[in-house]
Amino acid sequence: MARSRQRGYGRKTETASGQRSAGALKTVLALTLLVLTAALSLMGWNGYQQSKTQELRVLQRDALLAGERLNRRADQAIERMENELRAGARSNAIDPDYVGVDAIFTLDSALASDDAERVRTGERAAEMINANRRLELLDDGRFLLVDVPAVGNPVIATVDAGKWLTAPNGGARLLLYGETSMSVGNRSVVPPDRRILERGSGFRTRQLIDRSATACVDLSKAGFSLCLSRPSPLLTVQSGLNILLGLLLLAATLLAFSGLYSQASRLPRQGASRQPAPEPVSVPGGKLEIAAANASMGFWNVRTGDGKAWLSDEAARLLGVPSHGDMPFGALVNAVYSGHRTLLNDAIGEARPSRPFSIHVATTSSGGETWLELRGGQAYREGAGSAIISGVMFDVTETVRSREKQRNAEARLRSAIESFPCPFALWDSNKRLFFWNRTFERIFGLEEVLRPGVSQETVLLARSANVVSEKTDPNDGGVTLLGLRSGEWIKLVERATSAGTIISFGLDMTSDVRNEEQLTRQKKQLKNLVQELERSEGHNAELARKYNEEKAKAERSADSKSAFLASMSHELRTPLNAINGFSEILANEMYGPLGDKRYSEYAMDILNSGQHLLDMINDILDIAKIEAGKMTIDPKPIDLVDPVDAAVRMIRRKAEDKGIRIALQAEENLPEVDADHRAVRQMVLNLISNAIKFTDAGGRIIVAVQRRGDQIRVAVRDTGVGIPKEHLPRLAKPFEQVNETRERNSEGTGLGLALTKSFAEMHGGSLTIASEPGRGTMVSFYLPVSTETQTSDRNVA
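All residue numbers for the sequence shown refer to the working numbering, where the first residue is 1 and numbers rise by one.
Derived from the structure by calculation, the hints contain no laboratory data. Hints may be right or wrong, so weigh each one.
Think about it this way: if two alpha-carbon atoms lie no more than 25 Å apart in a straight line, the pair counts; the simulated DSS-like pairs of lysine-lysine are [as the list claims (entries may be wrong)]: (1) Lys471 with Lys431; (2) Lys524 with Lys471; (3) Lys551 with Lys524; (4) Lys693 with Lys654; (5) Lys527 with Lys551; (6) Lys658 with Lys636; (7) Lys431 with Lys491; (8) Lys636 with Lys693; (9) Lys523 with Lys597; (10) Lys523 with Lys471; (11) Lys658 with Lys597.
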């Protein structure tokens, strides 16, 4: 009876222990279910947040591109305006259509305008200059562009914002946000609120599911920010599938834990009828040990209760330990390479019935070079807190090294494909993408489309948005020539492998296509040229005959002209010299008084007329010599101020007699110029004489000598009547005069400017004329700095 009571007490104790274990298991299951539910929720929320972040990144990139396009338009307009100004054009003469704006004017003209709106525009531009801004948006939807050139008055340009802004694609909306705001594009997109505009990006929701995403960028030297908004609905097919997937995972988890919970509820009842565990069974000897040794497989077990381990002979040999049989568990752990001991301890500690494990570890004796695979599991329990984990081990060194080589080879292959400068993609047998390089993604604009598993049809549809031309090789259907919007040409080749996969790779054919197009154009031009030559071949003889006739006529004309000039030089100058000399004697009464005062006046008139006629003859002869190529100059390195000052002193009396002030302004330390002293003095005399003719008493003439880069400029500016713009191009031609402006103060031949221009060109220079009726005229000629002086300047620099 005592033994019966002991057995009954033992069964009650085991039942109570089983109930406690079942209760603990239920608690663990409930907590595990709670943790998994929270983990699934956090994974879903994290995926949602990542998708939002990715969407804002793409939108930020597109906003940057739109801002860059607007900046390029502004840079292009400023560059064209400055090019026109450097070419000598006035701001009001610049063509707005060429610059790409609606109107161009200077800051001073805007502030002095009678139009109140233009004055406000000028004041706004002045504020922009002070704030170092160049672009702003006006209240009427126009852009205000301000350019401050290195020399001259600031220039203002206005343009309708619609000309510089293009509506974004994809149903987006473009917003300019500043003191004045405007938008273009899809008006149905939910506009961003002030919080998003100030923060720079974000989402705004209206009516629960209607949502938009916005990203903003700041533009360089602009008084506003550029924002791009796109529809971003909360409920899409993809988000619905993600929610459904999450619910299915949660339902599967609930079902699994419900079954485990029911199983735990039956544990107490099963514990009461559980049979005692069998005694440990030792590994039998004989044929099994021989087979294990031949297969290089060792046996092992670990008893968690007493911390002991057991190794067979082959297991001890594989681990490199000196003896087999029983040993401390720590000795088994120390036989494993130090970096893998935690892996072994975790596998032993987590071993459970019906849950076998397999791990790869290296041995300490081999220094981590020999790898073993340990397979095992929990065999049975001896009592509370005690268990036996047993298993086998065998050498897998070659297998591990083979796998490592394969991984390294795959990594090198992936690195090589990624660094391949041309597009590359790999598709499986179902034509679904599973590998590609960044070039494939970038060159076809597929950043938002590519992901593992996407179908080839989807990729081709998305690629078509960036392709403007597509030509399939008639001899090879797997070769396609693609023309991209960027101007690049890609030869895309597709080939199937023996494994059923498809390889797509591209070659850059841009230079080849452009060379072919250029060759086609050249062939066409050559063909046209040949046809033209064939048509003109019959006219060659006639043209040669006419050429010889005209040449003979020109030679006879030149001979006649030379004879006439020689005769004119002798027959006209000789009597004129006598007339001028005798009239000067009479005018000055060198041999005594003439009597009546009128005789002296008449003699002076004769002298002036004779000198004027002699000047005309000299000018005509000089022009004729220049046209005949017989005029020569003697250029020498000179200080250009000397002949200019000599000309001013020679003609100063004539200006003062008319009541005109004349001044010479010359920069200091001017370099020398290779020029003919007499020719330069004559050029300046011609220009000052013209200025005196067309300037009234009380006027002013300024002669300036200045350096302009590698040239010296001599400018004669007067405050005379000025010349209309339409007459300026013909003034430097021989015998051309402008009589429409008003009655001139004295007559002339119209040769002064022509001679000056010819002399300037003979020196390698040029002549320019600028005039405005009622304000005066400025005529300038430019002469290059002496070559020796330029070399010296470069050496000093």
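Results for each hint:
At most 25 Å may separate the alpha-carbon atoms for a hinted pair to count; Lys471 and Lys431 meet this at roughly 22 Å. Between the alpha carbons of Lys524 and Lys471 the distance comes to roughly 23 Å, so the proposed pair stays at or under 25 Å and holds. Distance hint between Lys551 and Lys524 is unfulfilled; the C-alpha atoms sit about 36 Å from each other, more than 25 Å. The suggested pairing of Lys693 with Lys654 holds, with an alpha-carbon distance near 10 Å, which does not exceed 25 Å.
At roughly 33 Å between alpha-carbon atoms, Lys527 and Lys551 are farther apart than 25 Å, so this suggested pair is violated. Note on Lys658 and Lys636: the hinted pairing is violated, with a Cα-Cα distance of about 35 Å set against a maximum of 25 Å. Restraint check: the Cα-Cα separation between Lys431 and Lys491 comes to about 20 Å, which is no more than 25 Å; the hinted pair holds. A distance of roughly 32 Å separates the Cα atoms of Lys636 and Lys693; the hinted pair therefore is violated under the 25 Å criterion.
Simply put, Lys523 and Lys597 have alpha-carbon atoms about 86 Å apart, too far for the 25 Å limit, and the pair is violated. Between the alpha carbons of Lys523 and Lys471 the distance comes to roughly 23 Å, so the proposed pair stays at or under 25 Å and holds. For the hint linking Lys658 to Lys597, the alpha-carbon distance of about 23 Å falls within 25 Å, and the restraint holds.
Violated hints for the displayed structure, listed by number in ascending order: 3, 5, 6, 8 and 9.
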